[in-house]
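Participant: Okay, here's what each chain looks like letter by letter:
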Amino acid sequence: MSDSIDVILAQTAPRLRATRDNAGDLLAAAEAARGAGPSLLVAPELALSGYDLRDAAAEAALTPEHVAALLAPAGAAIAGFPERANDGALYNSAAHVDGGRVVAVHRKVYLPTYGMFDEARVFAPGDDVAAHDWSGWRIGMLVCEDYWHPGLVYALAAQRIELLVVLAAAPGRGVLEAEDGARFASWQTWRRMAEVYARVLGIYVALANRTGVEDGVTFAGGSFVMSPDGRMVASAPEGTPGTTVARLERAELTRARTPAWHGRDDRPLVVARALMRAEGIG
Amino acid sequence: MSRFDHVAAVVTGVVATAARDARCGTLVVLDRAPPETELLLRLLGAGGCELPLERVPAADDDPDAAAAAARGRRGTDALPLDPVNKTIAVLWPELLAAPVLPLADLYATQVAALGGSWSAPAQAYEIIERAGGIQAVDRFLAAHLDERRSLDEASLHLDARGRAPLRERFEAGWWWRRRVGVVPKLGARTLGIDLR
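From first to last, the protein sequence lines are chains G and W. Per the numbering used here: the first sequence = residues 1 to 282. Per the numbering used here: the second sequence = residues 1 to 196.
Bound conformation, chain G alone:
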């Protein structure tokens, strides 16, 4: 068990279909930022392939084992990739890999298919969220739109996660409306949500958002780590690639959860019963 880990936020600008180059960017980020203790590289959604793949998703798809092999020199990493499942379906997935082996995989549950997004045309939806353990830390993974569904965050918190890792490819919007020196008004909402999630659930939130451009869309960047008491531990600039390191301390979790940890008092079965009733079950 590690009392502290370094989260390395790799805020890259993936190029469409350039898997080797994109993996190279992640390995370079890991190499540049690695310290003496345990570290976890966190890369954006579809970091290995680029975002707007459309029909190219099929040829860009990888298995989790491929991802583990590609990122083996990075040590431990969580990265987004288009996953080819055994039955042929494609998923927008996050893989936690460590030294060439697969630790855990999350398949994006909520595929935005509205406005500027068209993900359900390409990917199948995942149907589960499960916490996993690594280096003594309990971790939950979500991909982008999943984060906008508090039920998934709560489901992971009910599994006693200590660190929520979110991989995003969130476009920047609202350049003319942004305040306080921010580049994109839209990104301010993501930060506010993390503050609430972290503080209410007593968890670290590490969010890696990509940057770069695909056609007319500029991805916002602005990756960050939020502490369990809702403070910004580290943040990357909006709009430019870069690597940001944040140290996560178990003592901070304990401190934030003392004296009032809502998670301790939580009663997930009360919620579960209400949800089943809302769905007409039982």
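These aren't lab readings, by the way, just hints derived from the structure by calculation. Where hints are given, some of them may not hold.
[Claimed, not checked] Some residues of chain G that are not near chain W, with every Cβ distance over 12 Å (derived):
#	residue
1	Arg121
2	Val122
3	Trp137
[What the hints assert, rightly or not] Residues from chain W that face chain G, not an exhaustive set, calculated with beta carbons under 8 Å:
#	residue
4	Ala9
5	Ser117
6	Val183
7	Thr190
[Unchecked claim] Footprint (simulated), chain W over chain G, 3 or more residues, beta carbon under 8 Å:
#	stretch
8	159-173
9	213-226
Built from N, CA and C at the ideal position, the CB exists for glycine as well.
With the hints as your guide, set chain W onto chain G.
Facilitator: Okay, now just chain W, sitting in the frame of chain G:
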């Protein structure tokens, strides 16, 4: 960084990426009128664009000829940019000539706020004036497109005597708006991305 710098970073990033992906080494600006062209040049400068850039005079009624001439002279190395503003791009989309429209997510009044003034093709001024002027027209467009108010409700921002011709212009552009080029996303709804 100022708001101008943020806009410059986004516009330059999209233009530079388009040039990279299209394998073009030269930018060709279709120069319809000074305000938008000058603003684009300032934005690209502030955004650190390092690509060589050429200005080509473009007539309002035939910008395709300017784009074709530029590519004819420079071959496939030239990436044409049409610095039309969003007001014109939405209402007169059949006049758009280039694969990249760097300012087409900025309404004319926003172009004026960033660059001092705005322009429109000759045939547009009378329709805009009869509808109550550029402020009213942009308010109408923003209400309908960005705030998603109905056309009838948004039209209340327009002068009654010029309402019908402007709405007809808006309706006539629907087919063309589905075929525009790359527009840097700055606002809520952007041509070619989430506005058609």
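Participant: Does each hint fit the structure? Answer for all of them.
Facilitator: Comparing the hints with the structure gives:
1. Consistency note on G/Arg121: stated as away from chain W, and its beta-carbon is indeed over 12 Å from all of that chain's, at 15 Å minimum.
2. Distance check on G/Val122: its Cβ is at least 17 Å (rounded) from any Cβ of chain W, clearing the 12 Å threshold; non-interface status holds.
3. With 12 Å as the threshold on Cβ separation, the claim that G/Trp137 sits away from chain W holds: the shortest Cβ distance comes to roughly 36 Å.
4. Satisfaction of the interface hint for W/Ala9 is found here, the shortest Cβ-Cβ separation to chain G being roughly 6 Å, below the 8 Å cut-off.
5. This hint is violated: W/Ser117 has a C-beta 18 Å from the nearest C-beta of chain G, more than the 8 Å allowed.
6. The interface hint given for W/Val183 is met, as the beta carbon of that residue sits about 5 Å from the closest beta carbon of chain G, less than 8 Å.
7. Taking 8 Å as the C-beta contact cut-off toward chain G, the hint placing W/Thr190 at the interface holds, the least distance being around 6 Å.
8. Only when three residues or more bring their CB closer than 8 Å to a CB of chain W does the claim for the stretch 159-173 of chain G stand; here the count is 3, and the claim holds.
9. Residue count for the stretch 213-226 of chain G with a Cβ under 8 Å from a Cβ of chain W: 6. That meets the three needed, and the coverage hint holds.
When held up to the earlier numbered hints, the structure conflicts with hint 5 and nothing else.
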